[in-house]
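Got two chains here, each in a separate frame; can you build the complex from them with the hints?
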Amino acid sequence: MAAHAHTVKRYRGLMDWLTTVDHKKIGILYLIAGGLFFLVGGLEAVLIRIQLIKPMNDFVGADTFNQLITMHGTTMIFLAAMPMLFALMNAVIPLQIGARDVAFPFLNSLGFWTFFAGGVLLNISWFAGDIPDAGWTSYVPLAGPMYAGGHGVDYYLMGLQIAGIGTLLGGINFMATIINMRAPGMSFMRMPMFTWTIFITSALIVFAFPVLTVGLVALTFDRLFQANFFETGNGGNAVLWEHIFWVFGHPEVYILILPAFGVISEVVSTFSRKRLFGYSSMVFATVLIAFLGFMVWAHHMFTTGLGPVANGLFSIATMLIAVPTGVKIFNWLFTLWGGSISFTSASLFAIGFIPTFVMGGVTGVMLAVAPADFQYHDTYFVVAHFHYVIVGGLIFGIFSGLHYWWPKMFGRVLNEKLGKATFWTFFIGFHMTFFIQHFLGLIGMPRRVWTYLPGQGFDTMNAVSTVGAFLMGIGTIIFVVNVIVSAANKKPVADDPWEDGRSLEWSIPSPPPEYNFKQLPLVRSYDAWWNEKQKGNTEMPPAEPVGPIHMPSPSILPLIMSIGLFAAALGFMYDHLIIAIAGLVVTFGSMFCRSVFDDHGFHIEPEEQEKGVHA
Amino acid sequence: MSAHDHHLDGHLPHEPEKATLEGRNKILGFWLFLGAETVLFGTLFAAFIALRHQTLDGPTPDHLFELPMVFAATMILLVSSLASVFAVQALHQHKVKAMIVWLIITILLGLSFLGLEIYEFNTYVSEGHKLTTSAFSSSFYTLVGFHGAHVAFGVLWIGLLIAQIFKKGLTVVTAPKIYVSAIYWHFIDVVWVFIFTVVYLMGKVG
Numbered sequence: 001m002a003a004h005a006h007t008v009k010r011y012r013g014l015m016d017w018l019t020t021v022d023h024k025k026i027g028i029l030y031l032i033a034g035g036l037f038f039l040v041g042g043l044e045a046v047l048i049r050i051q052l053i054k055p056m057n058d059f060v061g062a063d064t065f066n067q068l069i070t071m072h073g074t075t076m077i078f079l080a081a082m083p084m085l086f087a088l089m090n091a092v093i094p095l096q097i098g099a100r101d102v103a104f105p106f107l108n109s110l111g112f113w114t115f116f117a118g119g120v121l122l123n124i125s126w127f128a129g130d131i132p133d134a135g136w137t138s139y140v141p142l143a144g145p146m147y148a149g150g151h152g153v154d155y156y157l158m159g160l161q162i163a164g165i166g167t168l169l170g171g172i173n174f175m176a177t178i179i180n181m182r183a184p185g186m187s188f189m190r191m192p193m194f195t196w197t198i199f200i201t202s203a204l205i206v207f208a209f210p211v212l213t214v215g216l217v218a219l220t221f222d223r224l225f226q227a228n229f230f231e232t233g234n235g236g237n238a239v240l241w242e243h244i245f246w247v248f249g250h251p252e253v254y255i256l257i258l259p260a261f262g263v264i265s266e267v268v269s270t271f272s273r274k275r276l277f278g279y280s281s282m283v284f285a286t287v288l289i290a291f292l293g294f295m296v297w298a299h300h301m302f303t304t305g306l307g308p309v310a311n312g313l314f315s316i317a318t319m320l321i322a323v324p325t326g327v328k329i330f331n332w333l334f335t336l337w338g339g340s341i342s343f344t345s346a347s348l349f350a351i352g353f354i355p356t357f358v359m360g361g362v363t364g365v366m367l368a369v370a371p372a373d374f375q376y377h378d379t380y381f382v383v384a385h386f387h388y389v390i391v392g393g394l395i396f397g398i399f400s401g402l403h404y405w406w407p408k409m410f411g412r413v414l415n416e417k418l419g420k421a422t423f424w425t426f427f428i429g430f431h432m433t434f435f436i437q438h439f440l441g442l443i444g445m446p447r448r449v450w451t452y453l454p455g456q457g458f459d460t461m462n463a464v465s466t467v468g469a470f471l472m473g474i475g476t477i478i479f480v481v482n483v484i485v486s487a488a489n490k491k492p493v494a495d496d497p498w499e500d501g502r503s504l505e506w507s508i509p510s511p512p513p514e515y516n517f518k519q520l521p522l523v524r525s526y527d528a529w530w531n532e533k534q535k536g537n538t539e540m541p542p543a544e545p546v547g548p549i550h551m552p553s554p555s556i557l558p559l560i561m562s563i564g565l566f567a568a569a570l571g572f573m574y575d576h577l578i579i580a581i582a583g584l585v586v587t588f589g590s591m592f593c594r595s596v597f598d599d600h601g602f603h604i605e606p607e608e609q610e611k612g613v614h615a
Numbered sequence: 616m617s618a619h620d621h622h623l624d625g626h627l628p629h630e631p632e633k634a635t636l637e638g639r640n641k642i643l644g645f646w647l648f649l650g651a652e653t654v655l656f657g658t659l660f661a662a663f664i665a666l667r668h669q670t671l672d673g674p675t676p677d678h679l680f681e682l683p684m685v686f687a688a689t690m691i692l693l694v695s696s697l698a699s700v701f702a703v704q705a706l707h708q709h710k711v712k713a714m715i716v717w718l719i720i721t722i723l724l725g726l727s728f729l730g731l732e733i734y735e736f737n738t739y740v741s742e743g744h745k746l747t748t749s750a751f752s753s754s755f756y757t758l759v760g761f762h763g764a765h766v767a768f769g770v771l772w773i774g775l776l777i778a779q780i781f782k783k784g785l786t787v788v789t790a791p792k793i794y795v796s797a798i799y800w801h802f803i804d805v806v807w808v809f810i811f812t813v814v815y816l817m818g819k820v821g
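From first to last, the protein sequence lines stand for chains A and B. 412 is the number that our numbering gives to position 412 of the first sequence; each next residue is one higher, with no gaps. 729 is the number that our numbering gives to position 114 of the second sequence; each next residue is one higher, with no gaps.
Just chain B, same shape as in the assembly (with noise of 0.2 Å):
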């Protein structure tokens, strides 16, 4: 990066998060620190689907999973998704209002999902179906916990982003952490969207 690039300030390009070599080099690391994640998850994937049926005398899935809440779960977190986008498309308006209430709009629903999350652990344990009770419990608490820990984590760190917002405006420094923000939150939608078939559906039909 060159002196010049601050003098940006001002005069925002369109896509400000791409504007600087920083900007860049930070969303390409982030995409490549995805595909890391994707094979996390992945793993974790595989040892799920190796010890699914290994239940003993715990619950079962079948009894355990109950699809209306699950299926809100799912929806809240889709509809949160959504406003992200709609935060980055302020963002490439440059519309900052516009893009801080798509962000509070998009962490308040990750709170809601994640309030759903927390009373669906608190009602499984509460049936028996603690981390210790099986190899399926094990799985299902680690790999449905980890996403639990990613959600937990963007909530934070996009409300740390919109405080930024407030104090340092949108620059081409803050501009492109909100975008890596999004695609962060655009991933964890899709690694849901994953246990949500292969976790609760499959649980479901067995």
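Only chain A is shown next, with the shape it has when bound in the complex (with noise of 0.2 Å):
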């Protein structure tokens, strides 16, 4: 046939990786990439702790303490937490809905590519001498270019905006994906729990992801050509970015941690060998928290004086959301309820992410109740909530999706004990840095400052969460130990490893070959692959007849349309206009490239598919 005619270069090695558009090796390059940023980021907050083990340190100054709270935060929420996010929505979402692939395979690779280009770039400001300093949340005017001279924030800015390219791409990739792509018989109230959470997820990144874009083109416009948007002296308002910050910032917050609820549904009903108690409930709180995440912004601005009505209404939404969360804790509950459990490293994350979130989301009340805010604004117990809901939830939530699905990724089991030890010394190291925060918060320790004088009771709580980081540390180790080890071990992997797999990820081999499914699978019901061997069966019944199945072609334009945007930004940044217009050049003619030269992919023939051609 004419059409099976096309030759495709298909690359190896390296250039493999730099050109693929296959969402499980996307999936792996997110991990590996957010990983080393987590990596940096546990880093940063290793020094932040050791400068505070002890009243008047001088272990860093002043001004590097500040850049160093500045880039943990933003590292780790933007480069660590959603591209681990991603890796996992890349390696299972199109498994679990019976797809070959996602809508949008090349965009799928350059939103991985921008989003490392803006990686790199916020983190070559350590190299450039000229550091971001003025917090995660970059408040007006003191990330203006009065207080703020240098480069420092503008590489914040650049950094986020292009690494935001990558993230919006994600979420409409993802969207399109579950919309269009779902296998034969898979309705929206048979997808599995995490697929659930990935598409409400990418609702969240499409709606709020551009707000963040116009706040940060705003102050890149206030810093480099002088524009007015937050010059208070010039008409600005300062007030307009902690609104513009939050109008985003809070549905942020819900992209990360939805994905984790995803996470823990699937395997707390794979380890309890039960079904999902209150599937249809969990998919509506699921909105409803995604609904409620867009009208609750101003509760992180309660004491900047928006007046007792403003304050009244979000603090009545914000404690509205613990209903639908509520839901969602007791529903998990009764799934263990009664349920046969094992307590696999996987299932231990779960279980314990459920009572640390329990009381992330207590102190979440705590502080939605606006004249106790006034107390805690700014304090560590702020800090105390803040990491309860992220580390013990959606940090949590990942480790135990990676424990889950390794074997799916990589075709490896991760060692167990090594895995129960990375739990253990990471909860307890957890639970031990963070729980004495809230007291630190309450007795009046600010947050955001370098040290703090002897004598005020804050001493030996310090130094016990000081303790606590290190033991994080060692257990993120522990796991990156379990990594090396786990590839050296050879041993093939079961399709369904775990042996109680649910949904279709589990009824294919591991590492799944390239094309995903020989034969789409047909969907009979919820939990399909559990249904199907509950009936016997040791394969899901197909919905095609065998076939040549059509791929798209590797491309490594979107690793070039990266680097134009890296350039022109750094361009932009130090005034090298000619760098800057180079770059856009770049860019803008490889995107030209790819619209004007088809891709017509290539095909797997049927033969080739007996061979197995994998991953």
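Just so you know, these hints were derived from the structure itself, not from any lab. Ideal placement from N, C-alpha and C gives every residue a C-beta, glycine not left out.
Which residues of chain B face chain A? A partial, calculated answer using Cβ under 8 Å:
{"#": "1", "residue": "Arg-639"}
{"#": "2", "residue": "Leu-647"}
{"#": "3", "residue": "Phe-648"}
{"#": "4", "residue": "Gly-650"}
{"#": "5", "residue": "Ala-651"}
{"#": "6", "residue": "Thr-658"}
{"#": "7", "residue": "Leu-666"}
{"#": "8", "residue": "Thr-747"}
{"#": "9", "residue": "Ser-749"}
{"#": "10", "residue": "Ser-754"}
{"#": "11", "residue": "Thr-757"}
{"#": "12", "residue": "Leu-775"}
{"#": "13", "residue": "Gln-779"}
{"#": "14", "residue": "Val-788"}
Printed below as a string of structure tokens:
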């Protein structure tokens, strides 16, 4: 057939990774890049804690401390947590919905490379010696040209702008994938819970990230082109930045936590060997949390002075979120109830998540009480709260998901002993670090201050907190060791290594061939694979005959486009207009090439499928 | 997408833009992208509304804006949107020549809009209304400039698509591109209607 005649160059080795459009490989790239940034952010956290181990410490200076807290927050949120979520999304979602790839494989690759370019740009500020130091929230006027001269905040603005493009593309891609690419029979209410949460998270990304884009553009204009958005002397408005940042920032925390909810739902259900309790209420709760997440942003601004009516409304709206979240907590508990639970590393992280996240939720409701917030505001109580929901919620969820899906991603099971050691050191270290910070906050220790005087009752608690941070670091190192040990172990892994897999990803080989499904599966129920196993079937019923499978071609363009943006950003920052224009020409030229030269892709014939073309 | 989609060449279906899964993905993805664009412009509007009275010593909107010219620009853009509707109709009837003519009319009108906008900005700058003048001017140029940049991008994009139609003809690969460029163009038009109302009309009445 003429259509099959296209020969596409297929790369090996490094070029394969630079040009891949395969969602499974992009997932691994996200994991490696996100993991590296997680280590960088973790190192920054440890340095912060060493500085705070005793009063009047001079381990790092005040300036370095400000840079550390800024880079720690920004790195962890945008460059570690979100990419690791994208790693799980990429690795799992197409498999869970029974698809051969995402809706836009090329954009998927572009999303990864723009995120990576943005992350690298942000972090080369350490080498340029101009480091962002206005906090991860970059409040003006502190982050404005008056008080933040130099290029530190410019790195923050440009880095996040470029990384944000990648995130937005990812959100659009996964929404379109989940709407259009589901296998025959997979209705919305048969989708696995993780797929549901990623669907809703993607919607939040699509509707929240453009707000950040505008905020970053406005502040960039103020800093680079002397515009006056936030320059109060020229009619600008500093509170406008707070609004823009938090209209984005609050949905962002749900972008982070909803996927963790999805992972926990999958893991709890699998390792209790029970259907997820209250599936439809789970779906409804997810949608409701996302909806309410857009109307609570001003609870970050209770002390800004918006007045009692605004504070009252935002206070009540915030408390409302506790209701759907409570629905979820109870659904997990009822799923566990009466289940035959196996305590694997993945399930330990999921079970550890539940009480930890509840504690973060309870302090969340405490903070939602506007008058009380005037006491908590800008103290370690807030620091403790958001680390309970982000580390105790999201990072536990990611660790749980990584242990759970590792065999599917890499074809190797992580060592259980090391996995449990990771859990216990990280879990105990986490609570040691942050539980005590609630009390530090309540007795008045302010956040974002580089040191403190002795004799205020802060000394012992800070020392304990620092020891806990080291324990978390050890837990992370044990995980890295586990990854290396498991990579050395060549034992092949079964399709369904936990034997209790419920969704479609467990019905295909580990790791899956590059086309995922030889024949698209026919989905006949929720928990499709589990139900087929109950009927005695050993594979999913096919929805199509065996035939040639069409695949998209690999492409180097996404990498080139990202390098163009990277160069353009540096050009704008350092007033080298020629470099800036050259960078943009490279990026738009690549877009031109992508539009003009059609990608015909290639076909994998049935004979080749028999040989097993592995990813 | 499976192999037999390629056989559609030759006899195009009624809606060639939706004939393949790739085409349907592209259209859905583009609608989602426009959702994001709506939020982007929504935020720019919010910033403008918050800052529009902060004119300081610079010219006020009342002095600055000349409604007849802005009205002409509005009409030009509305008509260009109508032309792109006709282009998509021609696409559905597989009248390639008519489609190209309507697309050319679309971008010519887009270019005249841009010409007027450049003239307008030039006049404002000469009257002392620059990006750095006041918070009003910063938010004005950012909002209206973002829109103008979208028009410029649309003109280049549709121009490129016309060239592709000449080279590749109307196929199930090129049809979705034309279709999404048309919804993009309508979106830009809708944004302008809001700019006309919020920036110019409200600027005139204070």
